[in-house]
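Protein chains in written order, with my numbering: chain A, 1 to 284; chain B, 285 to 568; chain C, 569 to 852; chain D, 853 to 1136.
Quick caveat, the hints were computed from the structure, so don't treat them as lab data.
In silico DSS-like pairs for lysine-lysine, Cα to Cα no more than 27 Å straight-line: (1) C:LYS778 / B:LYS556; (2) A:LYS96 / C:LYS831; (3) B:LYS494 / D:LYS1118; (4) D:LYS1062 / A:LYS182; (5) A:LYS210 / C:LYS834; (6) D:LYS1062 / A:LYS11; (7) D:LYS1124 / C:LYS582; (8) B:LYS298 / A:LYS14; (9) B:LYS494 / C:LYS750; (10) A:LYS132 / C:LYS700; (11) D:LYS866 / C:LYS582; (12) A:LYS203 / D:LYS1062; (13) B:LYS298 / A:LYS272; (14) D:LYS1055 / A:LYS210; (15) B:LYS416 / B:LYS371; (16) C:LYS664 / A:LYS263; (17) B:LYS547 / D:LYS948; (18) A:LYS96 / C:LYS700; (19) D:LYS866 / C:LYS840; (20) C:LYS771 / A:LYS266; (21) D:LYS912 / C:LYS582; (22) D:LYS1062 / A:LYS272; (23) D:LYS1062 / B:LYS550; (24) A:LYS266 / C:LYS831; (25) D:LYS948 / B:LYS416; (26) B:LYS550 / D:LYS1055; (27) A:LYS266 / C:LYS664; (28) B:LYS494 / C:LYS834; (29) A:LYS132 / C:LYS664; (30) A:LYS210 / D:LYS1034; (31) A:LYS87 / C:LYS664; (32) B:LYS416 / D:LYS984; (33) A:LYS210 / D:LYS1118; (34) D:LYS1062 / B:LYS547; (35) D:LYS1115 / B:LYS550; (36) B:LYS487 / D:LYS1115; (37) D:LYS984 / B:LYS380; (38) B:LYS547 / D:LYS1055; (39) D:LYS1062 / A:LYS266; (40) A:LYS87 / A:LYS182.
This structure is a prediction, so every number in the text was calculated from the model and none was measured.
Number of protein chains: 4
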Amino acid sequence: MHTAILIIQCKDSKGIVAAVSQFLYENNGNILAIDQYIDEELGDFFMRAEWELDSFDIPKDHILDVFGRQVGERFEMDYSLFFNFPKPRMALFVSKLSHCLFDILSRYYSGQFDVEIPLVISNHADLEPIVKAFGIPFYHLPINKSNKASQEEKQIQLLRENNIDFIVLARYMQILSADFIKNYPNQIINIHHSFLPAFVGAKPYHAAYKRGVKIIGATAHYVTEELDAGPIIEQEVARVRHHNTVEELVQIGQDVEKVVLSKAIKYHLVQKIKVVGNRTIIFT
Amino acid sequence: MHTAILIIQCKDSKGIVAAVSQFLYENNGNILAIDQYIDEELGDFFMRAEWELDSFDIPKDHILDVFGRQVGERFEMDYSLFFNFPKPRMALFVSKLSHCLFDILSRYYSGQFDVEIPLVISNHADLEPIVKAFGIPFYHLPINKSNKASQEEKQIQLLRENNIDFIVLARYMQILSADFIKNYPNQIINIHHSFLPAFVGAKPYHAAYKRGVKIIGATAHYVTEELDAGPIIEQEVARVRHHNTVEELVQIGQDVEKVVLSKAIKYHLVQKIKVVGNRTIIFT
Amino acid sequence: MHTAILIIQCKDSKGIVAAVSQFLYENNGNILAIDQYIDEELGDFFMRAEWELDSFDIPKDHILDVFGRQVGERFEMDYSLFFNFPKPRMALFVSKLSHCLFDILSRYYSGQFDVEIPLVISNHADLEPIVKAFGIPFYHLPINKSNKASQEEKQIQLLRENNIDFIVLARYMQILSADFIKNYPNQIINIHHSFLPAFVGAKPYHAAYKRGVKIIGATAHYVTEELDAGPIIEQEVARVRHHNTVEELVQIGQDVEKVVLSKAIKYHLVQKIKVVGNRTIIFT
Amino acid sequence: MHTAILIIQCKDSKGIVAAVSQFLYENNGNILAIDQYIDEELGDFFMRAEWELDSFDIPKDHILDVFGRQVGERFEMDYSLFFNFPKPRMALFVSKLSHCLFDILSRYYSGQFDVEIPLVISNHADLEPIVKAFGIPFYHLPINKSNKASQEEKQIQLLRENNIDFIVLARYMQILSADFIKNYPNQIINIHHSFLPAFVGAKPYHAAYKRGVKIIGATAHYVTEELDAGPIIEQEVARVRHHNTVEELVQIGQDVEKVVLSKAIKYHLVQKIKVVGNRTIIFT
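The following block holds chain A by itself, in its conformation from the complex (with noise of 0.2 Å):
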């Protein structure tokens, strides 16, 4: 079913969802999905509605126009507005470990995530042969001190070429550098193996056991300048005892990473995240 999904930021006044809702029956939208959240700390109202598309009466291209002249421009709204196809077009960044990847892969086999993956990118050669078992290409552009700037050129390049909508980071052990991350602003998702703000940074394994936490975990947020600080989508935790060694951690932590990993791209496919400041709202 093709559907269509507005995304909604205004501040909160009454009539907001009368205003929205009226215009989707209007026009004889079927509401597939609604829902809203007051932040009363800003004094912001937020909507996510999604709706069938195959019977509304406005036309695809018309509808964003339509909508701002006939409500966005009242309330004075930030909106947007997503469809859901042509299929979003995703790009994986690894490195050695292959559990995310796997992750990854196994549920786009399945069909569960409804997505393109024209392409993988790695600094390292390791893994090239299971993504070529999936017939995806495979782009090995190694990176040192000297290399960094013109092979992240070459990455954009390659991302352009292939009309890369969001980029995942599937334990991608580089930190990209600001003017990257300029070009995909809240496009761009990396697993962090630790339950953030605890254990910024690398090696939080070494970290956690070093502290004697009960808990360990994972957090998937989206790529900002400030390293592991971006907004957080999805986080998910384990329990360890204190026999557990590092190498344990790491093997414990993995079962969790992908998991999380996986959600968060999940609902980025389906367009359910709005970035408010350094927060995510993650709709139903």
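Starting from the known structure of chain A, arrange chains B, C and D on it as the hints suggest.
Chains B, C and D only, in chain A's frame:
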């Protein structure tokens, strides 16, 4: 703040959200929360809306009528109206175990539960001192095979005299008769000490031990005639290991029971539950 | 590192730990892990000890005899000896669903499972390409009402030819016959897609939806003649809400299933499971 | 049943388990629980053994000496001996929040905590009625910038007069001085209302809200001079969503806090905790 809460069920069709939100907007209702749910299997639409009452144009006592004429009848809605005042009146039924009772009274004491507790009824006298320490009347109504019907009559009389809105069975170890239950449809909350539908009936921790489960749980549900089969409100679980004895399961489980029961009471208090057949919608 | 693993069951009495640990010490055994459990209901003592084999004074093939004479007979023990080499040989049985298969193969690929997978058997051909991409032979043995016995014979033959130690039913949608099961007592691991003993049998997610549970789960267990009633190895759960459709329960549940099944396989691989009646001890 | 509990730390080497278990066996000790742990990083061996005291051949007051001569010295052990009687004496420090206090008193009342509570100390008078209802003396010692040292002296005096073994800070909103803490090394348990090491210090729920985390937590730890940095005993978490206000985080968090704190108290009461550097071993 005084609020009104509307809960709606009707066949799903276009225009419902528009009609309800327009009704609230036109009458100057400041929406505080709104949540919808479409049950695709039933083809039914459900909605809960809460708004400020003080500034609302329609007087409290006329809202139901006006809404019915302007909106409810048009969509052949089943609709109910609630107010967050006066405080609901809750009766507690207990036996000998104190953990749920303490948890409820603790929240009552701290103001987390906006409720009146006019009385506690028990078939044992053990918990009387606790209840009295909170200044709550305690009625000791022992139950045996021969006096059950007459004692239930006394219970009903006490509940009526105290204008009780709903009843919480806080590990009350008696089965209520069908006649009793009929007086309080979807207004009796029980905590069952297992993860229903596993281990219905007596001694679920013994049954869980015997079956060798690795996780135990607790279930808060509305009481219906069929034992432990009513609509589930909330569930939670805890991990156990092979070395945990039945007595340890009981202790681990009690921590789950009290939290689950108190969550269910909270949902009920703020009118976030809609029973549909044998399932519950828990609105956001 | 080559290790030996001893698993013991006997009537509890004084001196067992002393006797076993003295035996290991006198023969120069470097203990790597030791765990005990006293089942108070049975009055039985259980122990798992793992030690380095290379420096041990008793040759590998004589350990069982010497231990029996020096310790086992004295306490009338039931004892078993295992080695962590050569790698156990695991057969996978699958049908059409790929999520558990991918999860297992992913761990096999990354070395998290120290196991051989000589073959995969399926009653459908769908997953053949995945299996072959990992270089593992795939046998398509379709099953219908009339050919079940003969196909099971072929399965048994394949398992024997490949010296299979244990079998994992990775969402294999067929019920094995009692005759088949007898060949592999406590050596067939199944993943059931519910929180057993709730929702035994077919379509548990449908049953969970209908019952309106707030939490769903998955259970890995050894297969016995009685359906879904064998000793539970591991369980895990996930929270669901009223708005989740059966299809969503299936997707949420698959994430639980694959992690639970893989944990159970890991416990089995490292000989951490002792079946006692219909319960399992999972040693630390 | 009267029991003795031995907790051991020494360099790992062959023969330790044999020596300790032989010592218990020869002196007619009926082992109730035994648990070991080898810290591979430190190269240290840890053990906790609990056995029946009544039938033990060595008189209570000589056990430590005899064990030291026969076993402890040989392995250069650090060892401690405890008995499960008389009941440990616990002081509670509180401020205004009642949820942890109620939870502890509830377990004390029901016999789940085998402990004496000779007094409660608070810097506010609010909780006095609750404490008195349980028949426990309540000392109101208000603290301000100028009187902190003198009030702590009074606290210490009260603790000594009452032969207090350990202190529980049940949401006590004051920071204890280094001098105070030195008197009770690893004998002061605090509950911090975040998932440490995330959100150290004041107002962690505000910080969690601001960071937009999807999971909040609580941490029970031993108090050391560095704020919120002592050895972690237990942690637990709860899921939150974007629409949860700070006030809701506080309420959700309180349910986690009270359960985590009570678990930590239980571990401490039954001598299951061994502090190693800044980590804790929690024996089975």
